[in-house]
Amino acid sequence: MLAELLGSERLSHCTQDLPKASRALLKNVYCSVQDYCIPVKEPERNVLILLLERIGRAVGTLWQDSMQLLGFVGVILETLLRRALQPHRWRITPVVAHIEQTGLDAAPIVALLTFLVGAVVAFLGATVLADFGATVFTVDLVAFSFLREFAVLLTAILMAGRTASAFTAQIGSMKANEEIDAIRTLGLNPMELLVVPRVLALLISLPLLTFVAMICGIVGGAVVCALTLDISPAMFLSLLQSDIGVQHFLVGLAKAPFFAFLIAAIGCLEGFKVSGSAESVGAHTTSAVVQSIFVVIVLDAVAALFFMEMGW
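Position one of the sequence shown corresponds to residue 1 (our numbering), numbered consecutively onward.
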């Protein structure tokens, strides 16, 4: 009745400030009560305003996601602390199963990738340093880069793409099938059953995989040095021992638990956000991978600046 009383001109004028969905609804109502449909002219909007609106929505979404992640991290820490005070409630079997999935199953691809990257870094370093007659420092380049940065960063990115997506898909499928609601109905805590075992498993497996990545990356560099620079493995190890301090190994290994915790938290959180459709599972799985990789790179950059300022 409102659309019929207003008419097409007043309807177009009065609905300019309404959301697009509301304007479309009133237009359809008006068309349904008329013998013919008079098109309602859409007001033209400035491209710059549309761009600013899109940026604003993206920033607002980023802020909301950050607050949700921060709250979820707090819930995980509270659950871990409560479980630590109640050792009889620890569930070892799911933790071991997830360690196998996130650690043992990922070890071959981590070892192969870091071996190849170590070989590439050594080859590029030897090519550049040959112009200065300092090819012997290729050993320092490979060891320094892998002990501090490449090993833990490559491993964390692989875990973000492999493990975070798996966590999201698993928990998301359970939520879509209403299995999480069934867990709550039984009086059980989904955080204790689903999140804590995955977080603990990744906290254990990622540092171990980082150590494997360090070894494989240095071995890849040693192979290239032996084949192209005539630096024997014994000489390579001697230079490694004399020039590279233990603190570089500790710096790289210290970042692994933080990366593991955030990757597991993001993967599980995106799983709980899934609605009841398969499309939602795919969308949140992609979001988990993107967010995990972004957070890992940002945290690694912050850690690099911190260690540089501290002189470590």
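Careful, some of the hints might be misleading.
To be verified - Just the calculated beta-carbon pair ranges, DEER-fashion:
(1) Phe306 - Val136: 40 to 48 Å
(2) Ala304 - Gln241: 21 to 29 Å
(3) Ala304 - Gly161: 15 to 23 Å
(4) Pro108 - Ser277: 31 to 39 Å
Hints are computed from structural coordinates only; laboratory data are not their basis. Cβ coordinates follow ideal geometry from the N, Cα and C atoms, glycine included.
Evaluated hints:
| no. | hint | in the structure |
| --- | --- | --- |
| 1 | Phe306 - Val136: 40 to 48 Å | violated, 31 Å |
| 2 | Ala304 - Gln241: 21 to 29 Å | holds, 25 Å |
| 3 | Ala304 - Gly161: 15 to 23 Å | holds, 22 Å |
| 4 | Pro108 - Ser277: 31 to 39 Å | holds, 34 Å |
When the structure is compared with the earlier hints, a violation turns up for hint 1 alone.
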